[in-house]
Amino acid sequence: MSNATFAPVRDRFRTIARTIVPEAEALDEGGWVELERIVEQGLASRPSSVRRQLRLFVRALDLLPLLRFGRTFRALDHQRRTRFLLAVQDAPFLLVRRGFWGLRTLVFMGYYGRASTAATIGYRADVRGWEIRR
Amino acid sequence: MGDPPVIEKAYDVVIIGSGAGGGAVAQELAPLVREGRNVLLIEQGPRISPEECNGVELDMAPALYQDDGGFLTADGTMTLAFGRVYGGSTFVYTGTSMQPPERVIRNWNVPGVEHSDLDARARKFAAQNNVHYLADELINENNRLFVDGCRRAGYVAQQFPINVRGCNGASICNLGCHSGAKQGTHRVQLPAAEQAGVEVVTRAEALRIEERAVIVRVLNKPDGAKGQPSEWPSGDYRIRAGAIILAAGAVGSPALLLRSHLPGLPRRVGEGFTCHPAHILVGEHPRPITNDVGHPKSFFVDRAEEEGYVLETCMYFPFTTAKNLAGFGEPHSTLMRAFPRLQMILVLACDKAVPGNRVTVDRDGAPRVHYRFTDETIAALIRATRASARIFFAAGALRVHAPSANPPLLEASDADRIDERIDARHFKPGKISVSAAHLMGGCGMGRSAADSVTDSYGRVHGIPWLRVADASLFPDSLEINPYLTIMALADRVAEGIRQDAGSLLPMNEAVSRC
Ligand SMILES: Cc1cc2nc3c(=O)[nH]c(=O)nc-3n(C[C@H](O)[C@H](O)[C@H](O)COP(=O)(O)OP(=O)(O)OC[C@H]3O[C@@H](n4cnc5c(N)ncnc54)[C@H](O)[C@@H]3O)c2cc1C
Ligand code: SF4
Chain D
50 MSNATFAPVR DRFRTIARTI VPEAEALDEG GWVELERIVE QGLASRPSSV
100 RRQLRLFVRA LDLLPLLRFG RTFRALDHQR RTRFLLAVQD APFLLVRRGF
150 WGLRTLVFMG YYGRASTAAT IGYRADVRGW EIRR
Chain X
166 MGDPPVIEKA YDVVIIGSGA GGGAVAQELA PLVREGRNVL LIEQGPRISP
216 EECNGVELDM APALYQDDGG FLTADGTMTL AFGRVYGGST FVYTGTSMQP
266 PERVIRNWNV PGVEHSDLDA RARKFAAQNN VHYLADELIN ENNRLFVDGC
316 RRAGYVAQQF PINVRGCNGA SICNLGCHSG AKQGTHRVQL PAAEQAGVEV
366 VTRAEALRIE ERAVIVRVLN KPDGAKGQPS EWPSGDYRIR AGAIILAAGA
416 VGSPALLLRS HLPGLPRRVG EGFTCHPAHI LVGEHPRPIT NDVGHPKSFF
466 VDRAEEEGYV LETCMYFPFT TAKNLAGFGE PHSTLMRAFP RLQMILVLAC
516 DKAVPGNRVT VDRDGAPRVH YRFTDETIAA LIRATRASAR IFFAAGALRV
566 HAPSANPPLL EASDADRIDE RIDARHFKPG KISVSAAHLM GGCGMGRSAA
616 DSVTDSYGRV HGIPWLRVAD ASLFPDSLEI NPYLTIMALA DRVAEGIRQD
666 AGSLLPMNEA VSRC
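From first to last, the protein sequence lines are chains D and X. Letter by letter, the first sequence follows residues 50 to 183 of the numbering used here. Letter by letter, the second sequence follows residues 166 to 679 of the numbering used here.
The hints are simulated quantities; they were obtained by calculation from the structure and are not laboratory data. Among these hints, one or two may not hold up.
Said to hold, decoys possible - Okay, the calculated bits of chain X under chain D, using three or more residues with CB under 8 Å as the criterion:
1. 215-223
2. 240-252
3. 334-347
4. 441-452
5. 613-622
To be verified - Computed far set for chain D versus chain X, every beta-carbon distance over 10 Å:
6. A53
7. A56
8. D60
9. L76
10. R100
11. R108
12. L112
13. L115
14. F118
15. G119
16. D126
17. D139
18. M158
For clarity, every value in this text was computed on a predicted model and none was experimentally measured. For glycine and all other residues, C-beta sits at the position ideal for the given N, C-alpha and C.
Turn these sequences into a full structure, and let the hints guide you.
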């Protein structure tokens, strides 16, 4: 993994990312490297404490399902992973909701920040405007 | 090794910040330059040319915005967008140009601030900025569907006057305008000021203010970064000035004052922060529409007085859109894949200045914005979301994405259950995305230091050489898009400086020509 923040938790991060954006399942290694590079760039100006907290949060997300399903997040099927993250997203504690919001935002940045994704979803804005669309 | 030496300079007037307020005040102080005074404007961001604006979200956001456009409030429940570039937030604004609203200015009840006066000043800037209505053939379907939906659902849609010259409809206004069509201060007032002799130095951050002096750090251009290098060599400067005008924005100005610890500073600095908290909503249509081409923001619905909200058309970029849609997984992805069929509406709440919502600084002097959503603000966002859902469905949308519904997708069959589905109990801070770009207050105008920070000419109570000329002057939210009102207030600040020049700016040899 090319990025430092999630390098120690690479598998866990990618499993969560695939649950947040199911199309990420289709990414090849090059696609993942690009996604992770964008995420790392987005975090570059943030304090190192934020990066540490995010790493911790990813670890916690992987372990917490043990309490409810008896398995780690990685060992769950897609449906249960989704169900678990929906519960995290709605957690009664602001800190947990915020943590998930931040992680989800980074995954979206990594996935939708790629030029190829913009093309895939049909986003065509161009600095030439109407000139190339009429 | 000791600290590197501080370079000493002196000016008659130093302006801090180059956005709506700083740009206006710089232009309006040009007469002082003709009288032989020297005026300096410092801006922490770089000068970026239109050609450098490539419309790529992840290239442009870090180059143009503070924290890439995602400055988090202290409890992490809202992101604030504000510019950090020559032109300030006017470099990234959409250019909708509204006159100051009479009702709001009256309710502000600031002695000396009359609506008719602000209105006339705002008209002057509107004329400079070529404010007009976009021709019908340049309106895209994202905007037309809004008008159509409003008509069918019983809302009055009005056209936004906008400030463009030769807009080619690239739709990327919030990432900077590649064709230079949008008339921010970087295109109009700052070039005029510079031509008249006002000196502008970019990549120059005011670290703190001392008695009639500003401590400034000028940085080198980082390798590979967009923009021009600074006009001055890098280093720390101490700039003495007869008058200092703060125009660093509603976050930057209070933060700078607070970290400066000036004796006699009014204790209300930082209080009264408002920001029109906003949601992005989308409606999915059965067929592709023109949404990512054409000026994005041509129409609005003003329900500020009756229901505390404003609806505006909008169009955002893939990552910004993804971030602002609630949820994740298949429903989220399905909507993202429908991008060419999405209609978008921005809903803004007209929040009120309340105790606790304020700017402070941390131990390092960095700004922190404390913001709590009041029940009234949440209720306004819910009313606005419900109205938008009705407008989307009336315009023919198959489904509507509303962050304060759970699950957030409403199908057409839910159209008669909108009030039930969209409800305040689903407005969960930290779960749903709320963002704001109309940052106001923090150095509010008023009568005295007991109720405010400045008087109606931006004079800081008790510190006659210190003035404020930006959105932080607002004593409460404006309830409509603010830039023309900010310029009108900055115009008054410039007038005050010109009037006070005799006493404030003695033709002083100590203020050496630099
Ligand atoms: C994406 C977006 C879209 C918008 N669209 C519209 C619109 O369509 N219509 C409308 O009316 N309004 C719009 N606004 C709001 C409008 O742009 C702002 O309200 C207005 O520009 C604020 O003016 P200001 O002078 O207070 O601050 P700003 O314009 O933000 O300028 C402050 C400047 O001060 C600089 N600064 C801060 N601290 C320091 C320091 N310590 N040293 C040196 N420089 C410093 C900053 O870098 C910045 O350039 C929009 C804003 C955004 C972000
Ligand atoms: S829509 Fe017009 S104003 Fe906005 S970026 Fe494009 S050309 Fe510039």
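Which numbered hints turn out to be false for this structure?
-> Of the numbered hints given earlier, those the structure breaks are 4, 5, 17, 18, listed in rising order.
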